[in-house]
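A.B. asks: Here's the letter readout for the chains.
Number of protein chains: 2
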Amino acid sequence: MTTSVYNRKDRASVDTLRLLAADMVETAQSGHPGLPLGAAPLLYALWSRFLKHDPQCPSWPNRDRFILSPGHGSSILYALLYLCGYGLAESELRNFRQWGSRTPGHPEFRVTPGVEATTGPLGHGLAMGVGLAMAARAMGARFNRPGFTLFDHYVYGLVSDGDLMEGVAAEAASLAGAQSLGQLIYLYDDNHLTIEGGTDLTFTEDVRARFLAYGWQVIVVADGEDLFSVHQALENARADRERPSLIMARTVLGAGSPKADSPKAHGEPLGAQALAATREFYGYGDKPPFFVDERVAKNFATRSRAHEAARLSWEALLANYAQAYPEESRELNRRLAQELPELGEPISFPTGRLATRVASGQVLNALARKLPELLGGSADLGPSNKTSLEGLGSFLPLTPTGRNIHFGVREEAMGAVVNGLALYPGIRPYGATFLVFADFCRPAIRLSALMGLKVIYIFTHDSVGVGEDGPTHQPIEHLASLRVMPDLTVIRPADANETAVLWLELLKRPGPVALVLSRQDLPVLPLEEYPALWAGAARGGYVLSDSEGEPEAIILATGSEVSLALAAQKLLLGQRRVRVVSLPSWEIFAEQSQAYRESVLPPRVTARLGVEAGVSFGWERYLGERGQMVSIERFGSSAPAARLFEEFGFTPEKVAARVSGLFS
Amino acid sequence: MTTSVYNRKDRASVDTLRLLAADMVETAQSGHPGLPLGAAPLLYALWSRFLKHDPQCPSWPNRDRFILSPGHGSSILYALLYLCGYGLAESELRNFRQWGSRTPGHPEFRVTPGVEATTGPLGHGLAMGVGLAMAARAMGARFNRPGFTLFDHYVYGLVSDGDLMEGVAAEAASLAGAQSLGQLIYLYDDNHLTIEGGTDLTFTEDVRARFLAYGWQVIVVADGEDLFSVHQALENARADRERPSLIMARTVLGAGSPKADSPKAHGEPLGAQALAATREFYGYGDKPPFFVDERVAKNFATRSRAHEAARLSWEALLANYAQAYPEESRELNRRLAQELPELGEPISFPTGRLATRVASGQVLNALARKLPELLGGSADLGPSNKTSLEGLGSFLPLTPTGRNIHFGVREEAMGAVVNGLALYPGIRPYGATFLVFADFCRPAIRLSALMGLKVIYIFTHDSVGVGEDGPTHQPIEHLASLRVMPDLTVIRPADANETAVLWLELLKRPGPVALVLSRQDLPVLPLEEYPALWAGAARGGYVLSDSEGEPEAIILATGSEVSLALAAQKLLLGQRRVRVVSLPSWEIFAEQSQAYRESVLPPRVTARLGVEAGVSFGWERYLGERGQMVSIERFGSSAPAARLFEEFGFTPEKVAARVSGLFS
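Protein chains in written order, with the working numbering: chain F, 410 to 1073; chain C, 410 to 1073.
Keep in mind the hints are simulated off the structure, nothing from the lab.
No residue lacks a Cβ here, since even glycine has one placed at the ideal position from N, Cα and C.
Hints may be right or wrong, so weigh each one.
As a list, the in silico SDA-like pairs of lysine to any residue whose alpha-carbon atoms are at most 20 Å apart [said to hold, decoys possible]:
1) F/917 to F/935
2) C/707 to C/465
3) F/917 to F/776
4) F/673 to C/793
5) F/917 to F/999
6) F/979 to F/958
7) C/673 to F/799
8) C/863 to F/793
9) F/779 to F/810
10) F/863 to C/1043
11) C/917 to C/998
12) F/863 to C/1044
13) F/917 to F/1025
14) F/418 to F/810
15) F/673 to C/917
16) C/863 to C/740
17) F/707 to F/1025
18) C/673 to F/1025
19) F/673 to C/753
20) C/673 to F/958
21) F/673 to C/797
22) C/461 to C/718
23) C/863 to C/976
24) C/779 to C/753
25) F/779 to F/811
26) F/1063 to F/1001
27) F/461 to F/649
28) C/979 to C/1067
29) C/863 to C/917
30) F/461 to F/415
Simulated DEER-style distance windows between Cβ atoms [to be verified]:
31) F/1042 to C/937: 36 to 46 Å
32) C/520 to F/1042: 37 to 47 Å
33) F/498 to C/1042: 44 to 54 Å
34) C/631 to F/748: 47 to 57 Å
35) F/618 to C/736: 41 to 51 Å
36) C/1042 to F/752: 28 to 38 Å
To give an idea of the chain C side of the interface with chain F (calculated C-beta under 7 Å), a few residues [as the list claims (entries may be wrong)]:
37) 817
38) 852
39) 1026
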């Protein structure tokens, strides 16, 4: 299928990629020419001879994926997309890094056809590729049938020194080894340089030995300019279906430019003179910027049409699949379209006491039966996070239909891997850990939000209610730190019933969700007693329990503090007319009409008390100038939870006293 | 010096540690018995035969350090401290994990004498040890003289599977290899179990090969119960002064208990019955909880006095050092006492335009001459962060007096390593990266704050002012996400002069500081024109430019938006009496008297406009109900900075219009 003969046309194509990228950076007067100049041969060999894609159908489900983990090299990716016919006009190359262009500084998912993931934060591209490869395996395991190999593609990527230094990449590489992801193949742009100098300054490790230790195949290419060697390495990488492969190709940063092999080639335009010299070096001295030779254009056009037939026959296969496996076909089509099936009413919990993590576990298990696309797990805290799907098996190399992923104690990679899974239509992934360790996932959560990926983060043990484990394990600032992030929905249900309602809501959110749950048991709020709960929770905020007659004061609370607010309301009966508002999701509440929001929080009622076991930062928007807050403005402490709540002022008596205090 | 003969007294000591730990967990009805039961022999061999410490003087600068990276095993550390005579009473063991005890759930720095670092978030203990070892080397390089070996101790630690799965540990281990930290020795409690099951589920990598790849010595101990083998391994680890050592000792989680070798032994009390069986197994079936045999008590007492003579002779050496090297001695004593020298007035910048990162670089370089304890660097962004100390060399194995640390592209480990450096009296560390990558450091920043460590985080490229690199590199929510953290001081200076003033202030802060700096040039605010700046910036917030006559409106801004506020004020001259308040540090401002704060922000002036190029979350506290905000509530975009500021409403005209709008 592939040909290993590379001729002058190929070299011209490689050099055209280089110069287009350098021209883009020069025109923008901003960007990174070094990587494109050095890594162009690697990418050319991959894209011209191996990458199974069809620019006419960038969403072909069984296409190979390509991830540019060092996203700062974006210009060469755009040059590839331009030459391959992804509908990116030359004007877009000239408009590199400008307002409104489809060629932003780093590749952005959804902005440019053919860009599979937003990359830039190093290491994350590598880790997202691991997620994509796991997704491909899961889809294949679910849907492939004899004669119907619907999913069998590769996931390729380019990675840099910077990627390989990042911890998230180390975590993901170890996981990829454990998962035997033979369809994962990375080209390592091994140029021996970082921004501060040579890799000998601080990156002296034996990368080859490290990746072998993870269970990868490692192939060394002594000269990254040698297309034939790169080609052979890719062949060998593809041949090993049991181990992920790292192709270490020695390259030269800024190759062919006067700044070659210097950190200066990395992150700024070459400058007119150096660019002219580079153009000269590659034999295009007499050509203008953005020049593309006709035979180069034709070469790319031909090469990128090479898989059209494969794509068409895949579509035919899919059509036949509908005949042969109608049920699977319906499920597949629904999942690829990212449509939810009918999920019915939320589970309702009658009474008693239940931690919201436990309620969530029950809801998740019920949903998993209806939503085969749900796939996820925990960073080694499944039994605590209550995220195990009972009876649905572990997702392991020999059991690829398993639905429980064991991420290991690797929170950041978990986040990046669920991002990779979510990039795959047909998978609805979730990842879980303690809320306090959301900090470890934060770079991944930001990418989920930036890409608008429907990732579900399940964060349990959500306050000092954690108890004895102490301040290292007690979230204080975490709710606030998540609420500040654009395009992330934070949900902290008050009880089992809010948990059930909001699980159904969160599935409909356009982007990532952080579901924040208690470790400790909480009173179930019976629906008979609190009829507003079902509809109200789904709106992010509502009157859970109103006063008889016009309220004088409002207690606003979330999560475990809602029951406390109800208890305080009860204590104040006959003294103060108190309304209790539950605010499980500020983001969803903010989307409601002003009229609705003001019906819940009437502006005239200025006596307001917020109650949340964390910092008050941000609560001012609900409390106004007269309002006060029962909060925790310091790190926690090691003690039984009940003692901590008492010490920090979270008792019905103390909350009631604070309400009374609003009137003094 | 050490003896490798282990007898029945030693075994009894090991078993006493085990049972004390299990008794603590049982009494608390909370905690982790598995690790202590399995790892007791490793810790006993280390503490009884190698660890150079003197419980009578826990702050002896040349003591060996011990870090329990899996902090959940705290009970055995407390048992060791109790038996070694660190002044921890038996009642404290009985009070394990209770409010106000000195035996919290995870070890906490400053709470318990002998606890060298707060641990619990996995991987961070390992990485902090790397920082401690680097600190020890730096101190030795600076102060050791022929005949005066003041600093030559080891840094030991225990690490678990969980630690080794974490990316931060991978980053730190790679750095430790590059740094040839021969004085760093970790015992790996290799028990093959994690919470979700066997390590074969997801941790199949060859740990030995991985650490060899990092440049470590790796020593395998087939049976962690074999004190003699552990002893030999420690001898061999100490003998290699060029490579850090990992001693992989096969242990059994929960050894000797009926739950041995099961995840159930990890994180909950054994239960009365299983504990009784365990006590029986170790031959103490007839003894009460917290029983310590007399010969065991005596054994620990003797062993822990073994280094008293060494400590006393070190102190004598230090006294002689004062004679032989009076200047070095003065510096050493000052640094060990963590006192600042006289630093004089801040640098003043006359006029012009300067990025605050550039101003910071100049101030830092000037300070570094006066503060030899300043040691730090960047996560491979030195040239961008402007954190290189010119002419002061790189901190590398062959140049240990160098002052510039090359952390590599390892932000989280950088944070953990600066924490380790800051745990060492005599070092004032700093670490730098882009503000957007503060997310990667966040778990470390939290530990800095929790421990009250004087770490300086330098975060540059602090807004959409980053420009073309786009949303992956543009902080939006990061100022807010840092401000929510307890005990962290966030500082965002408006110009070069505020930068200079606040550098002197930040050195006096009791805990960590995040110094947030612009990439782009900003107008210098000349002191002649803005005489309030010097005193005002040091108070965290002040009237930078007042209206003539009573202000009608106040513009509040920080960092790069302060000049914008001044420009808007100018546009409104003659129309509105506008005061401009610069708020470089909310935390410092909050510490000022109410009278001062109200003099800056008089309650009667309710027409307020906040201007900050990030989310508005949290600003309500300054703006009140009538106030408004020019903010950015979405992710950024790739374009030149000027264009972005215009698109997002950050121009003098638009800000002035927003002020006028407050009155309509």
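A.B. asks: Next, verify each hint and record whether it holds.
C.D. replies: Evaluation of the provided hints:
1. Between residue 917 of chain F and residue 935 of chain F, the direct Cα distance comes to roughly 25 Å. Violation of the 20 Å bound is thereby established for this hinted pair.
2. A threshold of 20 Å between alpha carbons decides the hint, and for residue 707 of chain C with residue 465 of chain C the separation of about 16 Å falls inside it, so the pair holds.
3. For the suggested pair residue 917 of chain F and residue 776 of chain F, the alpha carbons sit about 14 Å apart, so the restraint of at most 20 Å is met.
4. Taking the CA atoms of residue 673 of chain F and residue 793 of chain C, the gap is about 12 Å. The hint holds against a cut of 20 Å.
5. A threshold of 20 Å between alpha carbons decides the hint, and for residue 917 of chain F with residue 999 of chain F the separation of about 16 Å falls inside it, so the pair holds.
6. Simply put, residue 979 of chain F and residue 958 of chain F have alpha-carbon atoms about 15 Å apart, close enough for the 20 Å limit, and the pair holds.
7. Note on residue 673 of chain C and residue 799 of chain F: the hinted pairing holds, with a Cα-Cα distance of about 18 Å set against a maximum of 20 Å.
8. At roughly 34 Å between alpha-carbon atoms, residue 863 of chain C and residue 793 of chain F are farther apart than 20 Å, so this suggested pair is violated.
9. Simply put, residue 779 of chain F and residue 810 of chain F have alpha-carbon atoms about 16 Å apart, close enough for the 20 Å limit, and the pair holds.
10. A C-alpha spacing of about 18 Å is found between residue 863 of chain F and residue 1043 of chain C, which places the hinted pair at or below 20 Å, so the restraint holds.
11. A threshold of 20 Å between alpha carbons decides the hint, and for residue 917 of chain C with residue 998 of chain C the separation of about 15 Å falls inside it, so the pair holds.
12. Annotation: proposed proximity of residue 863 of chain F to residue 1044 of chain C holds, straight-line Cα distance about 17 Å (limit 20 Å).
13. With a C-alpha separation of about 29 Å, the suggested pair residue 917 of chain F and residue 1025 of chain F falls outside the 20 Å cut-off, and the hint is violated.
14. Distance check on the hinted pair: residue 418 of chain F and residue 810 of chain F sit about 45 Å apart at the alpha-carbon level, beyond 20 Å; violated.
15. Proximity of residue 673 of chain F to residue 917 of chain C is assessed by CA-CA distance (about 37 Å); at most 20 Å being required, the pair is judged violated.
16. For the proposed pair residue 863 of chain C and residue 740 of chain C, the alpha carbon gap of about 19 Å is at most 20 Å, so the pair holds.
17. With a C-alpha separation of about 62 Å, the suggested pairing of residue 707 of chain F with residue 1025 of chain F is violated against the 20 Å cut-off.
18. Using a Cα cut-off of 20 Å, the hinted pair residue 673 of chain C and residue 1025 of chain F is violated, with the two alpha carbons roughly 38 Å apart.
19. About 37 Å separates the Cα atoms of residue 673 of chain F and residue 753 of chain C, which puts this hinted pair outside 20 Å; it is violated.
20. Taken as a hint, the residue 673 of chain C and residue 958 of chain F pair is broken in the structure, with Cα atoms around 53 Å apart against an allowance of 20 Å.
21. For the hint linking residue 673 of chain F to residue 797 of chain C, the alpha-carbon distance of about 16 Å falls within 20 Å, and the restraint holds.
22. For the proposed pair residue 461 of chain C and residue 718 of chain C, the alpha carbon gap of about 11 Å is at most 20 Å, so the pair holds.
23. This hinted pair does not check out: residue 863 of chain C and residue 976 of chain C have alpha carbons roughly 36 Å apart, beyond 20 Å.
24. Our distance criterion of 20 Å between C-alpha atoms is met by residue 779 of chain C and residue 753 of chain C, whose separation comes to about 10 Å.
25. Only pairs whose Cα atoms come within 20 Å are accepted, and residue 779 of chain F paired with residue 811 of chain F is accepted, the gap being roughly 15 Å.
26. The hinted pair formed by residue 1063 of chain F and residue 1001 of chain F fails the criterion: a straight-line CA distance of about 32 Å is larger than 20 Å.
27. Under the criterion of a C-alpha separation no larger than 20 Å, the hint pairing residue 461 of chain F with residue 649 of chain F is consistent with the structure, at around 18 Å.
28. Distance check on the hinted pair: residue 979 of chain C and residue 1067 of chain C sit about 14 Å apart at the alpha-carbon level, within 20 Å; holds.
29. Of the supplied pair hints, the one linking residue 863 of chain C and residue 917 of chain C holds, its CA atoms being roughly 9 Å apart against a limit of 20 Å.
30. At most 20 Å may separate the alpha-carbon atoms for a hinted pair to count; residue 461 of chain F and residue 415 of chain F meet this at roughly 19 Å.
31. One distance hint, 36 to 46 Å for the beta-carbon pair residue 1042 of chain F and residue 937 of chain C, holds here, with the actual separation near 40 Å.
32. In this structure the supplied range 37 to 47 Å is violated for residue 520 of chain C paired with residue 1042 of chain F, their Cβ-Cβ distance being about 20 Å.
33. For the pair residue 498 of chain F and residue 1042 of chain C, the beta carbons lie near 32 Å from each other, so the given range of 44 to 54 Å is not met.
34. Checked against the hint of 47 to 57 Å, the C-beta distance between residue 631 of chain C and residue 748 of chain F comes to roughly 56 Å, which is consistent with it.
35. Residue 618 of chain F and residue 736 of chain C have their C-beta atoms about 46 Å apart, which keeps the hinted 41 to 51 Å range intact.
36. For residue 1042 of chain C and residue 752 of chain F, the hinted distance range of 28 to 38 Å is satisfied, since their beta carbons lie about 31 Å from each other.
37. At about 4 Å, the closest approach between the beta carbon of residue 817 of chain C and any beta carbon in chain F falls short of 7 Å, and the interface hint on this residue holds.
38. Because the beta carbon of residue 852 of chain C sits about 5 Å from the nearest beta carbon in chain F, less than 7 Å, this interface hint is met.
39. The interface hint given for residue 1026 of chain C holds, since its Cβ lies 5 Å from the closest Cβ of chain F, which is under the 7 Å cut-off.
The structure fails hints 1, 8, 13, 14, 15, 17, 18, 19, 20, 23, 26, 32 and 33 (numbered hints given earlier, in ascending order).
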